[in-house]
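Engineer: Line by line, the protein sequences are chains F and L.
So in my numbering the end of the first sequence lands on 381, straight run, no missing numbers.
So in my numbering the end of the second sequence lands on 381, straight run, no missing numbers.
Any given hint might turn out to be false.
If several chains are the same, the list does not tell them apart, and a pair holds so long as it fits within one copy or across any two.
Stated by the list, open to error - With a Cα cut of at most 25 Å, we get these calculated DSS-like pairs of lysine-lysine: (1) 48 <-> 5; (2) 162 <-> 285; (3) 108 <-> 48; (4) 300 <-> 48; (5) 78 <-> 114; (6) 285 <-> 267; (7) 309 <-> 108; (8) 84 <-> 309; (9) 5 <-> 267; (10) 162 <-> 108; (11) 62 <-> 12; (12) 309 <-> 48; (13) 309 <-> 177; (14) 101 <-> 114; (15) 84 <-> 5; (16) 177 <-> 62; (17) 309 <-> 78; (18) 5 <-> 162; (19) 285 <-> 84; (20) 285 <-> 114; (21) 114 <-> 84; (22) 17 <-> 108.
These are calculated hints, taken from the structure and not from any lab test.
Protein chains: 2
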Amino acid sequence: MNHGKRLETVQKAMQEKGYDAFFLAMSSDLQYLSGVLRQPHNPTDDDKHGDELYGAFITPQKGPIFLVPRMGASEYVKAQAQDKPWIEDIVVIDDGDELDKVATDILKKVGNPKRIAVNDRLWARSLWRLHQVTGDGEFGNASEIIAPLRAVKDQHELAIMKEAGSRTDQIFGAVLKQIRLGMTAYDIAREVDHQMILHGCTAGPSFHTGVSVEGEGLRQHTTPEGRSVTPVQPGAVISFDFGVIYEGYVSDFGRTVFCQSMSEQYKLLHDLVMESQAQAIAAMKCGQVTAAELNRIARKVIEDGGYGKYFTHRLGHGIGIDVHEPPFLYELDDTVLATGMCFTIEPSIMETAEIRVEDVVQVTENGGLPLSNFSRDYLII
Amino acid sequence: MNHGKRLETVQKAMQEKGYDAFFLAMSSDLQYLSGVLRQPHNPTDDDKHGDELYGAFITPQKGPIFLVPRMGASEYVKAQAQDKPWIEDIVVIDDGDELDKVATDILKKVGNPKRIAVNDRLWARSLWRLHQVTGDGEFGNASEIIAPLRAVKDQHELAIMKEAGSRTDQIFGAVLKQIRLGMTAYDIAREVDHQMILHGCTAGPSFHTGVSVEGEGLRQHTTPEGRSVTPVQPGAVISFDFGVIYEGYVSDFGRTVFCQSMSEQYKLLHDLVMESQAQAIAAMKCGQVTAAELNRIARKVIEDGGYGKYFTHRLGHGIGIDVHEPPFLYELDDTVLATGMCFTIEPSIMETAEIRVEDVVQVTENGGLPLSNFSRDYLII
Chain F
1 MNHGKRLETV
11 QKAMQEKGYD
21 AFFLAMSSDL
31 QYLSGVLRQP
41 HNPTDDDKHG
51 DELYGAFITP
61 QKGPIFLVPR
71 MGASEYVKAQ
81 AQDKPWIEDI
91 VVIDDGDELD
101 KVATDILKKV
111 GNPKRIAVND
121 RLWARSLWRL
131 HQVTGDGEFG
141 NASEIIAPLR
151 AVKDQHELAI
161 MKEAGSRTDQ
171 IFGAVLKQIR
181 LGMTAYDIAR
191 EVDHQMILHG
201 CTAGPSFHTG
211 VSVEGEGLRQ
221 HTTPEGRSVT
231 PVQPGAVISF
241 DFGVIYEGYV
251 SDFGRTVFCQ
261 SMSEQYKLLH
271 DLVMESQAQA
281 IAAMKCGQVT
291 AAELNRIARK
301 VIEDGGYGKY
311 FTHRLGHGIG
321 IDVHEPPFLY
331 ELDDTVLATG
341 MCFTIEPSIM
351 ETAEIRVEDV
361 VQVTENGGLP
371 LSNFSRDYLI
381 I
Chain L
1 MNHGKRLETV
11 QKAMQEKGYD
21 AFFLAMSSDL
31 QYLSGVLRQP
41 HNPTDDDKHG
51 DELYGAFITP
61 QKGPIFLVPR
71 MGASEYVKAQ
81 AQDKPWIEDI
91 VVIDDGDELD
101 KVATDILKKV
111 GNPKRIAVND
121 RLWARSLWRL
131 HQVTGDGEFG
141 NASEIIAPLR
151 AVKDQHELAI
161 MKEAGSRTDQ
171 IFGAVLKQIR
181 LGMTAYDIAR
191 EVDHQMILHG
201 CTAGPSFHTG
211 VSVEGEGLRQ
221 HTTPEGRSVT
231 PVQPGAVISF
241 DFGVIYEGYV
251 SDFGRTVFCQ
261 SMSEQYKLLH
271 DLVMESQAQA
281 IAAMKCGQVT
291 AAELNRIARK
301 VIEDGGYGKY
311 FTHRLGHGIG
321 IDVHEPPFLY
331 ELDDTVLATG
341 MCFTIEPSIM
351 ETAEIRVEDV
361 VQVTENGGLP
371 LSNFSRDYLI
381 I
């Protein structure tokens with residue numbers, strides 16, 4: 001792990017930009033700099049005493065000093081910190097502690113910083129607390145300093161992401177073997193999430209697993225609550241969009257499979273989507289293309305084929321610790337692609353069914369290197 | 001649904017506090033005021049173009065005007081809004097839109113507010129964007145205005161929460177029937193989440209389902225990744241902590257079950273925990289007790305029994321749209337309990353295993369009314 005080097009780089013940037021400290025909530029930014037794997041969100045908001053201050057301070061002189069609620073967080077962070085000598089300290093917030101005092105004490109401990117940069121998803125209430133306690137503090141955006149570092153993965157990160165991609169391929173293969181007539185999108189998605197565990201990934205996907213069962217002329221069945229229970233049946237088009245978490249990094253993957261047969265029209269759309277992805281991947285050479293240009297290259301294939309209006313989203317997004325992270329492959333982003341960046345390349349045509357493909361692809365000197373490699377041929381099951 | 005009334009109340013409070021508008025991100029606060037069920041977080045951060053402005057403005061004169069990213073949000077909000085005439089408008093943010101312009105346009109549309117209150121978990125980047133675009137805008141905390149309203153549930157909300165509690169009981173009963181020797185905590189938790197779907201709840205729990213398999217003298221087995229795979233075996237203590245989402249409201253529930261036998265010591269601890277919960281529930285009379293006092297009542301039972309140091313957390317928390325919401329049953333909260341408030345009552349003793357009970361309990365004139373009612377006797381399976 002290169003956390004010493006990452007911290008040094010960020011501490012230097014901090015000084016150059018005139019910041020006395022970073023305060024990062026428990027987040028992907030903090031994971032990147034500390035090596036402490038972020039604790040996942042709950043589906044509805046939980047609220048532990050002190051969690052508005054759950055995170056860490058980093059100063060130009062000192063590594064992460066964590067501030068952690070006792071309940072549901074302190075044991076976790078202590079365990080994570082055990083093999084990480086660059087973590088300076090862990091301060092526990094007890095249920096009875098007044099948060100103004102907690103904030104005052106920690107600020108004193110890190111030298112009463114006045115110019116503080118914070119992660120850009122920090123809660124307003126956290127920011128207000130820091131404003132109140134610092135009095136005349138000024139606050140800036142730490143994420144925009146960290147994002148360009150996170151965008152370019154080092155060898156250690158690339159090795160993990162390659163392993164995540166490889167396990168994703170295996171998971172998909174295992175799921176395909178389980179699909180039977182009559183299963184619903186929910187049944188299949190549940191199997192996807194289960195296979196993640198069986199393949200040694202973190203429990204829980206990197207984003208809510210997406211499976212759809214559609215197809216021309218296929219009648220949709222839904223429960224009274226609006227959940228699709230359309231059964232897999234001959235002619236169905238089953239489309240996948242899922243990703244794992246593995247050692248703190250994620251994958252994001254897509255394929256479309258066809259039940260028993262595949263119409264000529266679907267073959268045409270499938271060919272277009274694959275050609276679009278192939279042209280984008282080939283163009284992913286270090287220094288040779290911008291995010292916006294890459295989007296245009298892939299889009300042109302589908303537009304020239306006459307289906308431009310059914311490709312309704314950006315070509316893809318940066319990926320690493322988060323499933324979506326900068327840069328983004330769309331018109332507004334003119335980042336020049338560089339070796340070590342990783343993007344999803346995910347063209348689609350959504351006409352009578354979702355025909356899509358998606359892989360995480362690493363930028364190299366010679367073009368893109370896909371980190372997942374399940375067959376891109378017609379998949380008829 | 002009483003959204004018209006809720007909006008009126010909040011619009012009046014807005015004027016009294018001198019705010020020109022609220023801006024609420026897609027959140028439980030916005031769900032409460034608009035009736036649009038919040039979209040759940042992904043386990044790792046996603047980033048759609050425009051999602052820092054995903055939410056709604058409400059002014060003293062106008063109901064919610066939603067601002068929604070096209071990708072992954074606009075179809076959802078449009079569908080949710082269909083039967084809600086109090087929603088004034090939905091403005092879609094396209095992938096190519098400059099966000100400063102989007103923010104400027106929406107502010108103009110709502111009368112260029114200068115004093116704006118926002119939800120307290122709004123991202124720093126959202127707040128910065130609004131600061132930048134309003135120039136001399138002042139920002140305050142909308143959540144502290146909304147929280148006391150949310151704390152007291154109306155009849156419609158109580159009916160939903162009662163149904164959520166009843167389905168939770170049924171889910172737990174169904175899970176107990178599936179437990180076999182050799183299953184692990186993961187297997188059981190997976191069954192819990194599956195039963196939620198089968199019982200017509202929203203897919204996915206209100207917080208990560210907690211199941212532990214422990215017990216005095218029971219050897220713990222873990223995978224190389226640190227996941228517990230201790231099998232259910234005679235003498236095991238299986239402890240549950242889970243909740244559903246049902247029609248936008250949540251439950252939170254706990255019981256402890258014993259495999260084949262239960263030692264005298266466990267019976268003693270179980271009795272203490274149940275007595276602690278029973279005394280707290282009896283004391284939940286409108287106007288008669290504060291949050292801090294209730295915590296003390298329950299804690300005293302376990303302290304008097306000699307196990308105070310093993311009851312390591314607050315007695316419980318408010319619950320409704322979020323799994324944890326104010327008020328909180330601990331030393332720092334002196335809210336007086338009022339009819340219609342709902343709290344978890346969840347004493348525990350964590351010595352050689354987690355002996356716990358948890359139910360959502362509604363405050364009434366005559367004491368607490370539990371919304372889940374699975375047996376509190378010794379559960380030996």
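Engineer: Now, for every hint given, state plainly whether the structure supports it.
Structural biologist: A quick look at each hint next to the structure:
1. 48 <-> 5: So residue 48 and residue 5 fail the 25 Å test inside a copy (33 Å) and across (31 Å) alike.
2. 162 <-> 285: For residue 162 and residue 285, the Cα distance is within 25 Å only inside one copy (18 Å; across copies 58 Å).
3. 108 <-> 48: within (24 Å within a copy, 38 Å between copies)
4. 300 <-> 48: Classified as between: cross-chain Cα gap 22 Å, same-chain 50 Å, threshold 25 Å.
5. 78 <-> 114: neither (28 Å within a copy, 44 Å between copies)
6. 285 <-> 267: This pair counts as neither: shortest intra-copy Cα distance 29 Å, inter-copy 67 Å.
7. 309 <-> 108: neither (57 Å within a copy, 31 Å between copies)
8. 84 <-> 309: Answer is neither; intra-copy 50 Å and inter-copy 30 Å both fail.
9. 5 <-> 267: Intra 49 Å, inter 54 Å, cutoff 25 Å: neither.
10. 162 <-> 108: neither (43 Å within a copy, 48 Å between copies)
11. 62 <-> 12: within (12 Å within a copy, 48 Å between copies)
12. 309 <-> 48: between (46 Å within a copy, 20 Å between copies)
13. 309 <-> 177: Neither: 34 Å inside a chain and 51 Å across chains, both beyond 25 Å.
14. 101 <-> 114: within (17 Å within a copy, 32 Å between copies)
15. 84 <-> 5: Only inside one copy: residue 84 and residue 5 sit 13 Å apart there, 53 Å across copies, limit 25 Å.
16. 177 <-> 62: For residue 177 and residue 62, neither the intra-copy (52 Å) nor the inter-copy (54 Å) Cα distance is at most 25 Å.
17. 309 <-> 78: Result: close only across copies, 21 Å inter versus 51 Å intra.
18. 5 <-> 162: Within one copy only: 22 Å inside, 54 Å across.
19. 285 <-> 84: For residue 285 and residue 84, neither the intra-copy (35 Å) nor the inter-copy (50 Å) Cα distance is at most 25 Å.
20. 285 <-> 114: Classified as neither; 42 Å inside a copy, 47 Å across copies.
21. 114 <-> 84: neither (28 Å within a copy, 47 Å between copies)
22. 17 <-> 108: within (22 Å within a copy, 34 Å between copies)
The earlier numbered hints that this structure contradicts are 1, 5, 6, 7, 8, 9, 10, 13, 16, 19, 20, 21.
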